Amino acid sequence: MSDWPTVMLVEDSAADVAALSRAFRRWHGDAHVHHVADGEAALAHFHQVHRGRARPPELVLLDLNLGRTGGLDVLAEVKGDSALRRIPIVVLTSSLAERDIAAAYGLGANAVVSKPLELPDLYRTLGRLLDFWLLEASQSRPSATGAMS
Amino acid sequence: MQGEPSAKDDGLLRRAMEVCATEPIHLLESIQPHGALLAIDEEGRVVRVSANAVALLGVAPDSLLGRLATDIQLALPDARPAPAEDVISHDPRPFRINGRDFRALSHRAGNLEIVELEPSPPVADAPELPVRAALKALGETEDLDGLLERVAVVMRQLTGFDRVMVYRFDAEWNGEVVAESVASGVESFLGLRYPESDIPAQARALYARSWLRVIEDAGYAPVPLLPEVEPGSRRALDLGGATLRSVSPVHLQYLRNMGVAASASISLLDRGRLWGLVACHHRRPRRLSFASRVSMELVGQMASMRLGLARDRSRLALREAAEPRVLAILDRVAEGMDPLEALAGDTPSLLGLVEATGAVVAYDGRVRALGRTPPLETLGPVFDVLRARFEAGETQVALRSLGAVIDGWDDDGAAGLLAIALTGSGDDWVVWLRPFVEEEVRWGGAPDKRIDPESGALSPRNSFAEWRQRMRGHATPFSEGERQLVERFRRLLVDHLLRQSRQLARTTRDLAQRNVEVDSFAYVVSHDLREPLRGISTYASFLLEDLDGAAPEVRENVERIHALTTRMDRQLRGLLAFSRAGRGPLQRTPVDLGELAREVCLLHEASAAEAGLRLVVEDLPEVECDPVAVQEIFANLVSNALKYAASGSRVTIGYLPAGTPAPRAPTLHPETPAIYVADDGPGLEERHLEPIFEVFTRLRTGPDGTGCGLPIARAFAERHGGSLWVDSAPGAGATFYFTLGRADAA
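Top line first, the protein sequences correspond to chains A and B. Sequential numbering of the first sequence, starting at 1, is according to my numbering. Sequential numbering of the second sequence, starting at 1001, is according to my numbering.
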């Protein structure tokens, strides 16, 4: 079980968390979901990772609209940190604003994906995302101790 | 000699005119024969005497010249101080010499005293002239026309002359007979006009100096002064203030040609400036008593004093008459009407504000004509002149002759103008136009002076043609009153326009602010509102997933909730897309519209097949446009057509070449190709043709569509400087056209 990859879900919308949780359950693979509900909590966790006190997640699903500390702030922090920037971050957004999409890529997001409204679409999209990032893409996976050395 | 003057005549004429215009008429060294004249120096010695002194006074000139005035009984009985220079007194002192009774007038000319002696009898001073009544009559009228009319009547009563005319100078010193009183059988000269040269500058200068000139008999032989001095020379006696002064032979000939034997003229001065003349003519020689002359002077002075008052009254009347019109026009401006339309409107029209046959309003790069004007496209040079004057600091421009300032200007309908600047641009004006003066002057004598072909000397001839020649291209000048009126109009108008432009600036600012707000509103709509909507949708979906075993209507209701969230989300996205369609930069490049249309059709092929429709792309041109925006136009039009076209039919994309009349096009012959997307669906009723371009208007309620497709398509077309419209009728399908404007105009 400890070998299962961890997916960090940064999402403040309860409905989206519920929908994504269902999508995770329907995925054929295995993964831990680590949910944090706001930007501050996400940053706190990444600080732990930076210090080697926590394992880095294999994938981050990041909502942009998070309140005080937004998704873009989290993105900037992580991608601006040489110890963390290899962690793949997929921005999930319901925003269609060009400037948000451009900003996310500009800050180093690995992908920006629109959250489908329909559940079946969401299941499909998330399934493909997890397939790709957790199963197909080769990742450098530093261990928690490796990050310290 | 009649007809057109030859070139040789022209030369003579010019020379003669020069002579006339410079003739030193106050230094002619001769007097009229009905009196004698002596000039006395500071020591009291007689230094000049008229040659007729022998006959009139009964003494030889030699016995006068060089003698002390006291020795020859010329010492005045009541030795009053010598009158000041240029003040002419017609308050004569009686005295007797050699048993003959005379009246003596004296005045100063330089360091000489000039004494004029006229025999008292046989012309009696009595009867008492009704001068008091005359003056009272002048005081009773307040408007200018009435005053001038009375001046003519009163003057004729006082003098008994056949014809009394009031002659008025314009700004260029051309004259016009503006009032007249004539005895029966005497030709009327009312309304006649004279060129400036008729009363040349040095004559006008004399007229401003003295109130009265009298010629008792135009047939007189001038009497020289002794000892003889070259006329016009430095030593010539200045007779400008002398009542006996002999006038120019030109003038005498002029009078004789008119059949006038006696004449008198009284100056009318307005605040010290020569305003006009009262000219009196008589067909026979006529002597005027001293009392008459005094009365004439009094009337002249009284009329002069009342001129200013009457003029002010006339201006006030003009202003009062114009006031309702001014206010109505200003109201139109104040109501926020486009200033150009407000000014060019009729009922009431600008045209009636001053006397004009045409008017032109130029504002903000647009021009409107009222009444009779030259073709607007020929007015460029006029506005060039106005702009130059504006740059020189003038906000009001009055021109009598456009031909004089614009090379080749030859429009009889617009010879003169009065213009007011509306803004600080120098390009915005109201211009009133007046035609060329065409008054037909039937002139018995001559309004101009010409060479007498017999003698070669100057003599007045009938040369109205010359006057016409001179006046050609000139308009009647706008009066001071009219100029003041339009100046007031201008100030009020500028004030209104300023207020309006401030309002406009505020609105523009508000609008810019609102644009920012709309932008953030669109963002809020797209994100913040979609967020809870997603939640509703998600939970409805959960319900559907978890509803195993529920009653069918429960499932149906939940499905409806879900369907509605889907539709609302689509609308929100449409709204956002629409708010973006109207803004942001366009990237024009040459685009093969056929290729673009085929790409769009490819994307819609599946749904077309589903609806049993065929998409046909005909030949399309290559056009400079933003391919992303135009793709959006095609996509919206095609998906709209697919929605409405009848199954089994086809949707055609094609175009009409530039300049081809397109049905219902905003411009009859579009300048650029009109691309169309045609379906043969149910078509649209006339009343729906425009509303379908409003956001969220859907004629057939259905689950799909954002309600923004057509508005977005139109917004993109308009961003290109083009337009998008539909031609349709019930049962006849619908054809959507769009143009993309010219690349160089965007």
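Because the hints were derived from the structure by calculation, they are not lab data. For clarity, every value in this text was computed on a predicted model and none was experimentally measured. Check before you lean on any hint, since a few could be wrong.
Okay, the calculated beta carbon distance ranges per label pair [as the list claims (entries may be wrong)]:
{"#": "1", "chain 1": "B", "residue 1": "R1742", "chain 2": "A", "residue 2": "G29", "range": "27 to 37 Å"}
{"#": "2", "chain 1": "A", "residue 1": "G29", "chain 2": "B", "residue 2": "F1542", "range": "18 to 28 Å"}
{"#": "3", "chain 1": "B", "residue 1": "D1528", "chain 2": "A", "residue 2": "R26", "range": "53 to 63 Å"}
{"#": "4", "chain 1": "B", "residue 1": "E1622", "chain 2": "A", "residue 2": "Q48", "range": "20 to 30 Å"}
{"#": "5", "chain 1": "B", "residue 1": "T1507", "chain 2": "A", "residue 2": "H34", "range": "52 to 62 Å"}
{"#": "6", "chain 1": "B", "residue 1": "P1532", "chain 2": "A", "residue 2": "R86", "range": "51 to 61 Å"}
{"#": "7", "chain 1": "A", "residue 1": "A76", "chain 2": "B", "residue 2": "E1690", "range": "24 to 34 Å"}
{"#": "8", "chain 1": "B", "residue 1": "A1563", "chain 2": "A", "residue 2": "R26", "range": "37 to 47 Å"}
{"#": "9", "chain 1": "A", "residue 1": "G29", "chain 2": "B", "residue 2": "S1607", "range": "46 to 56 Å"}
{"#": "10", "chain 1": "A", "residue 1": "V33", "chain 2": "B", "residue 2": "I1536", "range": "17 to 27 Å"}
Chain B residues, not near chain A, derived (Cβ > 12 Å throughout) [claimed, not checked]:
{"#": "11", "residue": "N1111"}
{"#": "12", "residue": "L1206"}
{"#": "13", "residue": "A1334"}
{"#": "14", "residue": "P1532"}
{"#": "15", "residue": "A1540"}
{"#": "16", "residue": "H1562"}
{"#": "17", "residue": "T1566"}
Some but not every residue of chain B turned toward chain A, in silico, with C-beta under 8 Å [unchecked claim]:
{"#": "18", "residue": "S1289"}
{"#": "19", "residue": "R1483"}
{"#": "20", "residue": "Y1539"}
{"#": "21", "residue": "S1541"}
{"#": "22", "residue": "R1588"}
{"#": "23", "residue": "P1590"}
Every residue, glycine too, gets a C-beta built ideally from N, C-alpha and C.
Subject >> Hint check for R26 of chain A and A1563 of chain B - Cβ pair distance inside 37 to 47 Å >> reply: violated, 23 Å
Original post:
Quick one: are G29 of chain A and S1607 of chain B within 46 to 56 Å, going by C-beta?
Top reply: Hint violated: Cβ distance 35 Å, outside 46 to 56 Å.
Subject >> Per-residue hint verdict: S1289 of chain B, partner chain A, C-beta under 8 Å >> reply: violated, 103 Å
Original post:
Cβ-Cβ distance between A76 of chain A and E1690 of chain B: within 24 to 34 Å?
Top reply: Violated: the Cβ-Cβ distance is about 48 Å, outside 24 to 34 Å.
Subject >> Least C-beta distance from N1111 of chain B to chain A larger than 12 Å >> reply: N1111 of chain B is indeed farther than 12 Å from all Cβ atoms of chain A, at 97 Å.
Original post:
Does the claim that A1540 of chain B lies off the interface hold, with its Cβ farther than 12 Å from every Cβ of chain A?
Top reply: violated, 9 Å
**OP:** Just double-check H1562 of chain B for me: nearest Cβ-Cβ distance to chain A has to come out over 12 Å.
**Re:** At about 9 Å from chain A, H1562 of chain B fails to clear the 12 Å cut-off, so the statement is violated.
Original post:
Is the nearest CB of chain A more than 12 Å from the CB of L1206 of chain B?
Top reply: Label holds. Min Cβ-Cβ 87 Å, cutoff 12 Å.
Subject >> C-beta pair D1528 of chain B, R26 of chain A: status relative to the range 53 to 63 Å that was hinted >> reply: violated, 29 Å
Original post:
Since A1334 of chain B was said not to touch the interface, does its Cβ keep a gap of more than 12 Å from each Cβ of chain A?
Top reply: Holds, since 44 Å exceeds 12 Å.
Subject >> Supplied contact hint for P1590 of chain B, tested at 8 Å Cβ to chain A >> reply: Since the shortest Cβ distance to chain A is 25 Å, the answer is violated.
Original post:
Was the hint right that R1588 of chain B lines chain A, CB cutoff 8 Å?
Top reply: violated, 20 Å
Violated hints, listed in ascending order, are 1, 3, 4, 6, 7, 8, 9, 14, 15, 16, 17, 18, 19, 22, 23; each of the other numbered hints is respected by the structure.
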